Each structure stands twice: as structure tokens, then as C-alpha cells.
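So the chains spell out like this:
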Amino acid sequence: MNDNTDIDKISPRKLEQDNRNPVKGFAKTNTRMRFFYGLYLALFLYLACGMGYRQLYQSDEYSKRGEQQSLRRVLQPGPRGYIYDREGKLLVGTRPRRSAVVYLGELRQEFSKAYYAKVRQAKQANHELLEQGKPTLAIKSSDLNTEARAEVLQNYLNIVNHIIGRDEQIDKRTMAKHFSQRLLLPFPLINDLSPREYAQITEQIPVNSPIQIYTDSARYYPFRSAASHVLGYVSSADAVADEDSVSDDLRTFALKGQIGRSGLEKKYDELLSGTTGERVWQVDPVGYQHDMVYEKDSQRGQSLNISLDIDLQKTAENALGNFTGAIVTIDVESGEVLVLASKPNYDLNDLSPYISNAVFKKIEEEGGWLNRAIQGMYPPGSTFKVITAITAMHDANIDPNTKFECGPYYPIGSRNFPEHGKNSFGQVDLTKALQKSCNVYCYQVSQRTGIEPLAKEAKRFGLGQKTGIELLYEGTGVVPNPKWKRDVLFDTWVAGDTANLSIGQGYLLTTPLQMACVTASIARRETRTSPTILHRARENPALFKHGGEPIGLTDYEYNKLLEGMELAAGNEGTARRIQIPGIRIAAKTGSAEFRSGNQELTLAWTIAFAPIKKPRIAIAVMVEGINPNDNYHGGSTAAPIARTVLDHYFKKLSANPVFGTEPTGF
Amino acid sequence: MAYKAFSRGIFYEFQAPVWSGLSQIRDLQTYWAGIIQSNKQLFEEGKDLARLNAAYRIFQQRNEALQNEIHRLEKVLKIPPLPQHRIVVARVARRELNAWWQELTIRVGTDKGIIAGSAVIYGDGVVGRIKEVHETSSVVELVSSRSFRMAATFEGDTRPVTYQGQFNYTLGTSFGHVRDVPSDLRASEGVPLRLVSSRLGGVFPEGLLIGLVSGLEPDTNGLFTEGNVRLSERLLDIREVAVLIPIEVTVSTSDQSEEPIYDF
Amino acid sequence: MIFDFRWIAVFLVNCFAVFCFQMLNDTLAPHSVYLILLGPLLVIPAFYLGAYGTIINTTLTALLWIAAYPVNANVFLPFCLIVNTFVFLNRSRLVRNLNTQIITIAFAVNLIWITWMALTAPDNKSPAWWGRIVMDGIFSQIAVIIACIWLHSFLQACLKLVHLLPETDD
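So the sequences go chain by chain: A, B and C. Read left to right, the first sequence gives residues 1 to 666 (the numbering used here). Read left to right, the second sequence gives residues 667 to 930 (the numbering used here). Read left to right, the third sequence gives residues 931 to 1100 (the numbering used here).
Because the hints were derived from the structure by calculation, they are not lab data. Predicted, not measured: the structure shown is a model, and the values here were computed from it. Cβ atoms here follow ideal geometry from the backbone N, Cα and C, with glycine treated the same way. There may be inaccurate statements among the hints.
Derived coverage of chain C by chain B (criterion: at least 3 residues anywhere in the stretch with Cβ under 8 Å from a Cβ of chain B; other residues may be distant) [to be verified]: (1) 953-959; (2) 977-989; (3) 1025-1036; (4) 1081-1094.
Partial pick of chain C residues on the chain B-facing surface, computed with a CB cut under 10 Å [what the hints assert, rightly or not]: (5) Ile938; (6) Cys945; (7) Phe949; (8) Leu994; (9) Pro1052.
With a straight-line cut-off of 35 Å between C-alpha atoms, the simulated DSBU-like cross-links for lysine-lysine are [to be verified]: (10) A:Lys266 x A:Lys466; (11) A:Lys267 x A:Lys172; (12) A:Lys614 x A:Lys403; (13) A:Lys466 x A:Lys651; (14) A:Lys113 x B:Lys670; (15) A:Lys134 x A:Lys118; (16) A:Lys118 x B:Lys670; (17) B:Lys744 x A:Lys362; (18) A:Lys267 x A:Lys362; (19) A:Lys652 x A:Lys545; (20) A:Lys314 x B:Lys744; (21) A:Lys134 x A:Lys123; (22) A:Lys466 x A:Lys361; (23) A:Lys266 x A:Lys652; (24) B:Lys744 x A:Lys113.
Please work from the sequences and hints to get the whole structure.
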């Protein structure tokens, strides 16, 4: 009792009660206790408020975090779209790639059982060692776990091995990686089953077995190596969620999809890639799937119709045979590329579903990666003389009938610039110059015009710049002029450079595609051709504007040009081996020299278009020498190849008059 | 486990003769029902059968000729022979067709050399697979059973697909499910695709009809299509099947007689 | 009584009933109707046998059923024994000759078993599958009523024939 208490004011009964419970009495009367009451109240309120805040105000956030912790997302890539040729023939498809897999969540009990058996064995072994007085071995549970899992999986693999007659083994490292990084995804026992193996497993493994068949896709190329550079290849990459994915914040496992690495597969990767599917799984604390809570189907990507004609492409590639080189053919009106061949090439099926070291090495050694049709930059040789001829008429106002005296060489400065074969053609006009591919004529024209008109004309026809075709890594080529030589080679332009340029040698570099475009442009009497690899991408191909301008020659001059090119394809022309009975062809051959490393190599060119009246097809063939002993010439090497391609084209055209305009496939 | 298997075996063998007997009685019923038909009706039916027999004899001769040609080409081209089968024809003793299992019990077992896993067929195509074999009877898992799965192809196509049974609707027909169908194949009500067996799996011979597919839809992967397979209505009413027992084929055995064995 | 061999007669009646039900299902197979008639086999014998007899009869009937059908033996046998035991222990509250009571219990047992089998069936249960289960269930339950009446009468007649019909419920 407090001494300050006024005892007289307290009733006796109360006093008696308080005496029985001194604490209570004390508490009621002592003001210091009020402080503690207040403190407890404050603490209690703080606790209550905190709990209320967490459970009411932040409940959504915690609920979401709880969900995130217990939910996992699995991304399933959509299969890629197909690529068809202009007639609807399948060029790139998708083949199923079947694997025998197990879903690890269904094997948990077996893993546990095997693990405990291993632990017992290890302990038993240690016990025996102890009895023998030897030191015991350390029992590492992680190692035992790995061994137990490998044993269980090997048992299932042995079932599959027995059915299909293989002898595969589990790779523990791959298995451990899968457990740590891809637990939710099926574990592959055997990849890429053949159809027979797939059928055997389907029939002989019970439906409810943990062993299942998992199917994803691999690219399939029915025409193997045809148009390999154009089509390109894919490699595997983790599937990426779509932009409208609802579960971006969840931990994600991605199955392997495909990504384009070259050619059209890379250029149109987004279009060809399918929509990624998603599955959101609820998982248990260990991470195995428990229940699927959300599913979105994958969808195939869009398909692509390209302008190539696979029949013609195969013919062109067969015609090239073992040569290194390129062939480009273009539909003159629409600019659609019918053939874009480059050799050496490779079988695209060897790169699917992945590129082995051996295959990569082989292609690397053969130089097969380079798409010579659009990336290879070469001096065009005498095929450039058509531009020289146009420059002569258009820029220098040289009459086509003007004759120049052409001996076996032409002196410029201190050098003698030779005629090919040391020929002496005598009096040569424009048509004869083209017919005989007279160098001296061109030298004299070049000295009259000077470099700038030649370079300007070359650029007017699109040389020295990309054509704009829908393929990646297109080469630009080089159209040299004094400024270029000063800036790049830190040297002065000389008259000899102009002479070399006039015959398509020297610093001038073009791609076969550019030369094909030049040919098509000349056929249309224009300066530019805008090539396209897509079929029917242009609404009205016959009226399509290629972005150039009329050549600017009079009818007489243009006809002379054509006459010269037709004579070149005639019996006494350099391109006589291109002749096809019944077809009037305008052609020009070229034989160039170029230096590769320390070697002097030759190039054989032929450009042509046909028929001369209402031209339909333009072609450029380039054959590259790879050894100094390769002595290639446009007339003997490239012209027959061009003939083969043109012959096939016109045979097909006569069999199907609408060929080249309407697809006959689906 | 051993005790369970033992007791199950004992009780099964106790029941099997009863099923066999009931099946025999049923056959006898059919016989007597046929006996009391009028002579004229029997004569007509006999004539129809005779015509059918004659047609089948021609088909058989053609088959023999084709078979001989195949053997000859296999020898010339040095390719392994096609799998061959011994045929055992059997009567159905019992049918159990419900939503959980779809089974038939047939009146042949190890006494006629039946092996578990053998293919079972009938006139309209695939019946199923031997699931269990006992002394004088065997259990066949029907093609419409949910735990039945096999490799198949579409007629005219060589790419394997997976067929799995589903169930049969009450008072309706049986259905199965086909998946991993290449997406360039099209099926419609008017032009259904015929799903046939594939010999790639090693159990069934090539080309036996499983059912018809009238519609295909993209599957969840977007790679393939899948659809329902309508099985034959006769499947639920089978009374006689043929079991195909694979035989080891060597050069010498390929000339062995393949006369079917009958159980009656 | 240890040497009460009524269970043999009851078991034989059960066997006969099982075969009849199998024949019925065989006949209905072309129409895709399947009847599960387990209830009468478990419930009715429990009214006519002693403790040991009922266990032996139930066990043998269950083994017969397990041999004929691919059911899970680890679940089915205990289920049968539990049902049988339950009915046996409560039969003093029921009137043996009152079919409605027997039918009600058999109805319930059958329904429980069908439901259990449906819920424990493996995955891939589509709505159409459930439709089939429901239809078969409906037909089975209707058939249970008829089967109960028939089996009960048949069992009584057989036991009377061999002079083993019990006067009391022991």
C-alpha cells in the first residue's frame, strides 16, 4: 500500500480486498503504472497497425510476391513459317524433331528412393572400412544425389535403348546443369529420333510412362543446297516472350527456338518467327511443377513467297558445276530475281538443327560462306564495255559509226595498253567493238571522254552502290575516280586508270547482281533496275518504276548498241556459245584479271538479255578462277553456262506461257 | 506382389472356361438360328458367299504373286525382308467396353502360341493389341482404349503420326485421337483422311485401317495439327478377330507357309 | 458357426451373378453402355452370412472381380470388406426382407464406387468422358435397383433349395 494513500477514504471492504491482492491494489492506486499502461497500449497499437498495414494495405503486394515465388513460366517457341518459291514449291519447311524425354517432376519419388539407397550403401561401405581399420570415405550428399538421379535416368534411357537398339548414356554434367537451370523443362534422353525410332517408342512404351515424346521443330530444306545463301540457316536460341505476355515478372524457363542467322531467315526473322506460347505452372517449394494455371498456344510464323524459280536455280547451280562463281537472272520488267546462285555452296540440311564442327570447317575451307552473287566484288572485265559504249554516245557524242583504228595495243603515256590476244581489229566502230570486245576502241573512247563521264555513267547504272535487294550484307562495289583514288589510295589518277576502267579493269569492282541489274536496265532502256527477292510484292510489275531514268540514247544509238550486243552473241562474236536457236539474244562477255593475295587469277563474265524484242530475262554469269592455272574466258567458260540457264528458261516458258507471271503452286 | 499376381491368375483361370463356354453357347445359338432359316434363304446366302469366296480366291492368288515378287526383289536388292506374321483366328468370348477400359477376351492363349503385345486385326482394320495372355484365353486392349497408343500414317503419306484411343460415347461410336499430323494435310467431312497402321512401330503391318479423320486443328505447339478419329461402328460388335504373331524371318523361313490357325 | 458353409452357396450365387452381369455388359457393348453392378454383390450376402462367412465370401467375390477387371486391388479389396463389414454390423437395424433398404444401401455403395473410380481415373478427362461416366452411372444405378431385386430373390431361392436359408439374421 502506498504511504500517501488516505487510508480513511478507503472502505474497509475494499481494503480487505486489496490486502488479499496486493498487486492489484497497488496497481490501481499507483500513477506510475499508468505510464506502463500507456507504453503497452502504444506498443500494442503499433503491432496492430503494423499487422493491419501488412495484411490489409499490402496484402495484394504480398499475395503477388507469393504467387511469383510459386509460379514459373515456360516459354514454348512457335514454329517458323515456310518459304516458298515463285511457283509455290516449298523451299524451307519445318520438320518435326522428336526426342524421348522424361518429366523430372514425375520421378521425384524414384530420385528420393535411389538417393536413400545410395546413402545406405555409402554408410554400409564406411562401416565395413571401419571394421577393417581403414579410414572412412567422406559422404557428400550432393554427389550421391547426382549419382542417384543419373542412375534413375539411365534406367529409363536403357528402356529406350532396348526398344530402338541404341546404347546411349546419361551425361552427368548435362544432367546436373538441367537440374539447376531447367528443372521445369523435360529432360531429353535421346534427341532427334528417326521416324522408325519414334514409331517404336510410341507403340512400345505405355501411355502413362514418364518417358514421353517431345516434339520441336527443325528446319528442313527439300532442295538441299539449292539457293543456300539466299535462304540462309537458323540456329537455336531461347524462346522470347511476346510483348503482350501477361507474366513477364515470373521466373521463366525457355524452350529452345530458332533464330535466323543468314539470308532470308535472318532478314525476315521477325516475320518467320512464330508467336511464342506460354505455360504458367504452379510449383512446389522444391521447384517441380504442380499445376498449370495458364496456357497460351504457340502459333506458326508467317510464310514467305520469294521470287526464285527453284527449277531454274537448280539448273543454274548444276551448270556452274564445280566452278566457283555466281549466276544472277532477273525478270526484266518486274525486277524479280529468278536465280541467285553462288558456288561453292552447302547443304542446308547439314546445318539443321545445328552446325557441327566438321561441317563448319568444310564450308570454311571451301569458301562456301560467301554469297558471291551479292557480296563478291570483282572487276567486270569487258562486260563494262556496254557502259563505255553508252558513255561514248551519251556523254561524248561519239557517233556509233565512228571508226577507230585498233591495233594490237594503244599507247597511253609511257605504257602500251594491249588488245586481248594481241589482236589487231583494224577499223572498228561501236558495233564491231562490242562484237569483238575490242579493248583499243574503248581505250580511245576513254581518252576522249575522260574519267568523270565514265564514272558518272557507271554510277548512273547503279554501280558503286547497293541495289537495295532484300538481302543482308550486300556489297556496294567500287566506281573509282580521281577523288576516290586520292582519298583511298592517296595517289593521283592517271590516264591509264581511265583506260583500265573503260575495259572493266583496274580499281573498278562490281557484284554479279549489279551487272545483272545493269543488263536488265539496258534491256528496258533505262538506267536502273530495282531487284527484289520477294514474289508479287509489287502490285503491277509491268508498270513498276525502278527509280532510274531513260538511258538518253536516240533510237538509232540504242539500236546500234543492241546490234553490237546481238553480234557479240552471233557466230563471229565472243559470246557465240550463248546462242539458242530461235531466240535473239543480246550478250557481252568479259574476261578479267584480278589479284587475290599473291596470285593473279582470271574471271569469266557473261551478261545477256533475251529476247531482244520485248526482253523477259537478264542474266549475269561470273566464274572465278581459284588457281593461277585456271584460265577462264567469258566466251568459253561463262557463255555456255548462261546458255544452259536461258535455254531452260525459254523451254519452260514455251511449255507454260504464263510462267514467270503467275504461280502454279499453292 | 507375387501373391496378388498368383491369386489373380487363379481366379482368372477359374472364370476363363466359363467365358469360353458362354461364348461357345452363343456360337451354338447362332448356328441353331441359322439352321431354322428357310432353305431358300440359306441357298441364297450360300450363293452370295460362294461369289465372295471366288473373289477372295482371286485376291489371294494376286497376293501370293505379289508376295513372291517381293521376296524375289528382296533377294536381288539384298534388303531385309518385311516383317511377317503368323495368323491365329479367334472368337471373342467377352467384351468389356467402358469409359475406363476397352477390352476383349478371346478364346486363344498360350496354347495357340499367342504372345503379349501382338497385333489384333479384323476385317475392317485394327482391333488392338494383346495385353495379357493366359492358358486358353487372352485379353485384347481395344484400339479405342485410352491407354492404347500406336504409330500410324495417313493413307498415301509416309510421315508417322501418333494415334491414341479415347472412349466411346454412350449409344454412339468410338473415337480416338491423332496428333503430330503434318500441317499440310487437310481433312474435311466430305473428304476424310484414312488413318492406317504403320509398320515402323514393329507391331502392326502396314496399311490396316484404324479410322477416319474428318477435321484437323492446330495443336498447342503450333507445329502440327490434331484431330479426332472416328472408328468403325463394327468395332464394338466384333465376334471374331485375327492375331498376328510376328515370326523371325530368315532367307529359309521366308518360304514358310502362312496358313492361318483357327481356334474352332 | 465356424463350419457354416452357406458362404459357398452364396459365393456360387455371386459368381453366377457376376457372369450374368458380364453377359449383360457384353450384350450392351455394341451400344456403348456399361453397367457397374457391384453394390448388390457386396450388400445382399451380408444379410445371409455369419461374420466369417461374410468375410470369406466378400474376399472371394472381390478376388473374382479383380481377376476379371483391371481395378486397383489395393483399394478394391479393402473397400469391399469395409462395405461388407459396415452392412454386417448394421444389419440388425435393417429388415432383410425389405428390398427398399437393401436397394438403398446397394445404390449408395455402387454410386460411391463409380464416383471413386471416376475421380481416380488417369489424366485427360475431357467433358465428353465425364458425359460417358454420368450416362453409365445413370444406367448402372437404374440397373442396380433391378439387379438387387433379382439377386435377392435368386439368392433366397437358392438357399431355400439347399435348405440353408437362415431363419434369423445370424
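Each hint tested on the structure:
Counting residues of the region 953-959 of chain C whose C-beta sits closer than 8 Å to any C-beta of chain B gives 4, which meets the bar of three, so the coverage hint holds. Coverage of a stretch by a chain is defined here by at least three residues with a beta carbon nearer than 8 Å to that chain's beta carbons; for the region 977-989 of chain C and chain B the count is 0, and the condition is violated. Counting residues of the region 1025-1036 of chain C whose C-beta sits closer than 8 Å to any C-beta of chain B gives 0, which falls short of three, so the coverage hint is violated. For a cut-off of 8 Å, the count of residues in the region 1081-1094 of chain C with a CB near a CB of chain B stands at 0, and the three-residue condition is violated.
Nearest Cβ of chain B to the Cβ of C:Ile938: about 14 Å, over the 10 Å cut. The hint is violated. Annotation: interface hint on C:Cys945 holds; nearest CB of chain B at approximately 8 Å, less than 10 Å. Hint status for C:Phe949 relative to chain B: holds, with the closest Cβ pair at about 6 Å, below 10 Å. Checking C:Leu994 against chain B: minimum C-beta separation of about 5 Å stays under 10 Å; hint holds.
The restraint placing C:Pro1052 at the interface with chain B holds, with a minimum CB-CB distance near 7 Å, inside the 10 Å limit. Proximity of A:Lys266 to A:Lys466 is assessed by CA-CA distance (about 18 Å); at most 35 Å being required, the pair is judged to hold. Distance restraint check for A:Lys267 and A:Lys172: the Cα-Cα separation of roughly 39 Å exceeds the 35 Å cut-off, and the hinted pair is therefore not satisfied. For a cut-off of 35 Å, the pair hint linking A:Lys614 to A:Lys403 stands: about 30 Å separates their Cα positions.
Taking the CA atoms of A:Lys466 and A:Lys651, the gap is about 32 Å. The hint holds against a cut of 35 Å. Taken as a hint, the A:Lys113 and B:Lys670 pair is honoured in the structure, with Cα atoms around 23 Å apart against an allowance of 35 Å. In summary, the hint linking A:Lys134 to A:Lys118 is supported, as the alpha carbons are separated by about 20 Å, within the 35 Å threshold. A hinted pair counts as satisfied when its Cα atoms are at most 35 Å apart, and A:Lys118 with B:Lys670 qualifies at roughly 29 Å.
Our distance criterion of 35 Å between C-alpha atoms is met by B:Lys744 and A:Lys362, whose separation comes to about 34 Å. Under the criterion of a C-alpha separation no larger than 35 Å, the hint pairing A:Lys267 with A:Lys362 is consistent with the structure, at around 25 Å. A threshold of 35 Å between alpha carbons decides the hint, and for A:Lys652 with A:Lys545 the separation of about 27 Å falls inside it, so the pair holds. Restraint check for A:Lys314 and B:Lys744: satisfied, since their Cα atoms lie roughly 33 Å apart, inside the 35 Å limit.
At roughly 14 Å between alpha-carbon atoms, A:Lys134 and A:Lys123 fall within 35 Å of each other, so this suggested pair holds. Between A:Lys466 and A:Lys361 the alpha-carbon distance is near 30 Å, which keeps this suggested pair within the 35 Å criterion. Our distance criterion of 35 Å between C-alpha atoms is met by A:Lys266 and A:Lys652, whose separation comes to about 32 Å. For the suggested pair B:Lys744 and A:Lys113, the alpha carbons sit about 50 Å apart, so the restraint of at most 35 Å is broken.
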